[in-house]
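**Student:** What follows is the residue order along each chain.
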Amino acid sequence: MSSEPIERRVSYLGDRLRGRRCQLCGKEYFELRDYCGNCGRKSFGKMEDIDFFYEKGRLELCTLITEPTNKFTKLGTYIYGIISFHDGKIRVPGRLTDKIIREGETIDFSRLEGREVVPRFRRRYSVEKSEIIPTISLAFTFADEYYPHQEYQPAKPNKEYDVPGIVGYGVYTSRFRIREGNMERAVPFIDEDAITAAVEAGKLALIHSGVDSTLVGKVYVGSESNPYAVKPIASKVAQVLKLGEEDEDVQGVDAVDTEFACKAATSMFKDAASLVSYPKMGVPYAMVIGADNSQAAPRDSPGGELDFFVGYGGCAYIFGKTDVIAELEGWYSCTSDTPDFWRRDGEPYPMHGGRFTGDPAYFKHIRKAAKKLMERLRLQPSDINYFVAHQPNIAFPVRIAKELGFKEEQYLPSLQVAKFGNTYSGSSPVGLAAVLDIAKPNERILIVSYGSGAGSDAYSFITTSQIVEKRQRQKMTVKYQAENPFLEYVDYNTYRRLKHGL
Amino acid sequence: MTMGSRPVIVAAGRTKFGEHYEKQPERLIEEAWLKASEEVGLERKDLEACYLSDYFLPITNKLGLEEGFLSELTELHVPMDVVRSFSSAFSNACNAIQAGKYNLVLVGGIEKMTDRWDKIRDDLMLLEDPWSYYAGCTPEANHELMLRAYIRRYGITGENLEKLNIALAQISVKNHLNALKNEYAQYQRKITVEQVLEARKAARRPLGLYDFAPISDGAAAVILASEETAKKLTDKPVYVLGSASATDYLTYPAREDLTGFAASRLAMEKALKMAGISLWDIQVLELYDQSTVMEMISLEDLGYCQPGTAWKTVYESCQDYKGYYRIGEKKLFVNMNGGLKADGNPLGATGGAQIYEVFKQLRGEAGARQVVDDKPLRYGCVLELEGFGTKGHVHIFGVEGA
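From first to last, the protein sequence lines are chains A and B. Just so you know, the first sequence maps onto residues 9 to 510 in the numbering used here. Just so you know, the second sequence maps onto residues 28 to 429 in the numbering used here.
These are computed hints drawn from the structure, not numbers from a lab. Errors might be hidden in some of the hints.
Chain A stretches covered by chain B per the calculated footprint, using a threshold of three residues with CB under 8 Å from any CB of chain B [to be verified]:
| # | segment |
| --- | --- |
| 1 | 71-79 |
| 2 | 92-103 |
Lysine-lysine pairs mimicking DSBU-like chemistry, simulated, CA-CA at most 35 Å apart [stated by the list, open to error]:
| # | chain 1 | residue 1 | chain 2 | residue 2 |
| --- | --- | --- | --- | --- |
| 3 | B | Lys339 | B | Lys259 |
| 4 | A | Lys50 | B | Lys297 |
| 5 | B | Lys190 | A | Lys97 |
| 6 | A | Lys380 | A | Lys64 |
| 7 | A | Lys35 | B | Lys358 |
| 8 | A | Lys288 | A | Lys372 |
| 9 | B | Lys146 | A | Lys82 |
| 10 | B | Lys358 | A | Lys79 |
| 11 | B | Lys89 | B | Lys228 |
| 12 | A | Lys372 | A | Lys167 |
| 13 | A | Lys107 | B | Lys146 |
| 14 | A | Lys82 | B | Lys89 |
| 15 | A | Lys35 | B | Lys300 |
| 16 | A | Lys97 | B | Lys89 |
| 17 | A | Lys137 | B | Lys300 |
| 18 | B | Lys339 | A | Lys137 |
| 19 | B | Lys418 | A | Lys82 |
| 20 | B | Lys208 | A | Lys79 |
| 21 | B | Lys50 | A | Lys97 |
| 22 | B | Lys358 | A | Lys97 |
| 23 | A | Lys79 | B | Lys297 |
Where is the CB? At the ideal position from N, CA and C, for every residue including glycine.
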């Protein structure tokens with residue numbers, strides 16, 4: 009059994025890589041020290057908080073771990089070494105992640121030493137299923153590979169808007185893929201899960217938006233694969249991303265997890281938008297994250313048909329009323345109690361009768377939500393530049409788009425399921441992100457999510473001129489992640505093993 | 028140290044190192060004590076205090092207060108204290124004797140690591156540094172990183188790099204060779220340079236199986252007396268001339284120097300000053316070779332080789348190994364018991380075995396592995412480390428000039 013206090017302290021420092029810098033001599037520590045070893049007593053009160061979460065490090069030295077300690081055995085063979093930050097001012101231990109080292113594969117350490125690395129928030133090691141999940145950011149990937157180093161530069165907002173909208177967003181999928189038939193699907197590395205994807209997506213959204221994380225007053229995380237039955241993902245996101253004003257080690261932010269199958273995140277768009285519009289309550293920004301390590305039973309067991317479609321990833325949106333890139337024009341949500349897909353408590357995989365999957369589940373709800381919203385806003389399909397639907401497979405979103413009267417150029421840009429698989433709570437949000445990546449100012453986007461159980465949320469967004477300005481802040485676009493030269497393709501057994509995780 | 032207050036080792040004993048699954052931990056320490064006490068005809072009741080050491084016993088063997096076990100076993104009620112390393116216990120005992128508090132004490136060390144073979148590497152790593160553990164480190168990895176740091180810092184490439192790698196292998200081969208003559212050693216078998224290199228290749232790492240000291244069980248005991256008391260017990264006293272320690276950061280990557288152990292360097296400087304002798308007066312030296320890299324680096328830390336050159340000394344000495352490292356005109360006899368590599372490394376007892384070796388060598392009682400230097404043996408030295416150089420202890424011993 010792990011110790012909660014030890015776990016809390018290690019995570020508090022290690023997830024964010026927090027430290028302190030002496031303002032007198034500049035010495036840095038990976039530790040919350042109250043005084044500096046060089047300056048002694050006069051440095052009390054002169055130590056400023058720093059962290060290395062958004063920093064670029066350097067792999068100074070490395071070796072191969074072929075016989076890990078017990079808790080690391082599931083990581084297999086990995087590279088471990090010493091990482092420096094700030095030109096060697098500080099050095100920390102770290103392992104390289106996102107790397108499968110095959111049996112017999114030899115590593116030329118001198119070719120890796122000296123290269124730049126980025127810290128990654130990951131699971132630390134294996135524990136019993138009943139225990140607290142340990143996490144850490146002493147895991148690194150090379151800055152010139154799949155995951156680039158991006159600076160986080162909070163900026164003072166330029167422009168106020170009358171209506172709320174999207175201020176920034178981030179999409180995160182792993183660098184591993186499985187390719188079967190006409191589909192590629194994102195596969196988490198073994199130390200990833202819905203929690204790590206949520207944090208990554210939120211981090212990328214902060215980078216893209218330029219929003220000061222202390223001004224985020226609420227964070228919602230929608231997921232159906234939270235590794236905890238009880239304990240929110242949102243609390244981890246809030247602490248690691250330092251959302252809201254920090255006081256001692258508590259964040260001044262409301263954080264909550266939501267669940268409604270694949271619409272757990274989109275459902276909260278309107279709540280986030282409403283919250284930031286509420287007068288005088290001091291919530292300038294609200295973050296909505298959809299993240300899933302989409303679950304599926306093995307192919308030969310009940311519910312196993314999902315195993316052909318599930319993906320992995322997270323998508324985060326920040327809502328606010330300043331420097332908006334897409335204004336929220338309107339919404340419509342609908343719900344019915346339709347049991348097309350479910351997972352009972354304690355069961356590892358969802359069930360899928362198949363009876364209701366298309367109609368009356370997916371098609372009925374999406375059709376209803378889309379039509380009602382278009383009616384309310386008096387829109388014809390021709391008034392809409394892009395249509396985004398929930399994407400459990402390739403066929404469904406194409407069929408509903410056509411039925412609603414949309415043409416290929418309206419619905420194809422959002423169709424991402426063939427590249428990442430069904431990312432569950434992140435599915436339609438990733439589609440929306442793909443559109444926002446390319447949309448011009450003053451274009452209208454209709455997104456309709458679907459969540460089994462069942463319901464749909466339809467939203468209409470209109471892009472602003474700031475969408476173009478902010479684009480340069482984000483290298484991790486949907487296209488970048490779909491067509492990256494560093495993608496690694498794995499076979500079915502590896503996919504199942506990685507997905508199962510630590 | 029002034030002559031009057033020098034602590035004296037009057038006897039030493041130890042068990043064989045290796046796997047002792049059939050023995051209770053307290054039986055091992057009893058065995059070491061009996062061997063030592065028989066030499067000088069002591070009884071349990073003669074002891075005034077016991078200074079004991081182990082790293083893990085309460086964790087590995089689920090013991091209660093160890094002092095209680097020993098009190099029960101010995102039926103004694105004298106003061107007993109348990110610390111981590113043998114060197115720590117030894118230093119405390121020396122201090123007490125110098126202070127005039129006791130005249131006769133036992134220093135005993137024990138470890139039983141193989142009982143928890145299943146998790147000992149996790150325990151070792153957590154002891155070494157929790158943050159490195161959390162980042163995925165193993166008990167071997169920091170040795171390999173130090174080697175990488177050494178190679179890069181001194182720009183060792185090509186033929187020199189090959190020689191360095193061979194030199195490290197020769198350290199292991201040499202220690203195994205020495206252990207052939209040590210009946211207490213865990214491994215009494217010869218190995219070859221090829222075997223060492225082959226194991227590294229199989230591991231795909233800079234160091235392999237034969238570069239590291241094993242996991243061991245064992246115990247060692249030393250009987251320490253004041254000079255007055257020693258005279259009644261032995262006519263071959265071995266004096267503790269200097270004993271010092273130093274500390275360093277737990278997290279190896281955070282240290283300023285990645286190619287050496289500051290704790291060893293500082294402890295050696297202090298110990299030499301205390302002993303009032305020169306580095307080059309020392310003839311037999313027991314180094315803490317948890318890995319071959321540690322033996323090489325320690326030659327530099329203690330001052331015998333210039334930084335970045337110890338591998339040359341080792342390589343050249345081992346081309347035609349005569350039982351010692353040749354440094355200029357000086358012969359330095361290192362790890363005559365086989366070192367941690369071949370003698371074994373039951374943490375809490377390891378320092379005891381190192382002191383035992385120097386004690387036997389200086390008294391001329393080392394049997395088949397007795398060192399024969401150009402001049403009679405007079406000075407010996409022990410370096411013991413804790414963690415990955417987090418603590419360094421140096422003890423300097425001497426006998427009356429022959």
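**Student:** Are the hints correct? Go through all of them and say.
**Tutor:** A quick look at each hint next to the structure:
no., hint, verdict
1, 71-79, "holds (count 9)"
2, 92-103, "holds (count 6)"
3, B:Lys339 with B:Lys259, "violated (47 Å)"
4, A:Lys50 with B:Lys297, "holds (30 Å)"
5, B:Lys190 with A:Lys97, "holds (33 Å)"
6, A:Lys380 with A:Lys64, "violated (48 Å)"
7, A:Lys35 with B:Lys358, "violated (44 Å)"
8, A:Lys288 with A:Lys372, "violated (40 Å)"
9, B:Lys146 with A:Lys82, "holds (15 Å)"
10, B:Lys358 with A:Lys79, "violated (46 Å)"
11, B:Lys89 with B:Lys228, "violated (38 Å)"
12, A:Lys372 with A:Lys167, "violated (40 Å)"
13, A:Lys107 with B:Lys146, "holds (26 Å)"
14, A:Lys82 with B:Lys89, "holds (28 Å)"
15, A:Lys35 with B:Lys300, "holds (33 Å)"
16, A:Lys97 with B:Lys89, "violated (42 Å)"
17, A:Lys137 with B:Lys300, "violated (56 Å)"
18, B:Lys339 with A:Lys137, "violated (52 Å)"
19, B:Lys418 with A:Lys82, "holds (32 Å)"
20, B:Lys208 with A:Lys79, "violated (40 Å)"
21, B:Lys50 with A:Lys97, "violated (50 Å)"
22, B:Lys358 with A:Lys97, "violated (41 Å)"
23, A:Lys79 with B:Lys297, "violated (41 Å)"
In summary, the structure is inconsistent with hints 3, 6, 7, 8, 10, 11, 12, 16, 17, 18, 20, 21, 22, 23 from the numbered list given earlier, while agreeing with the others.
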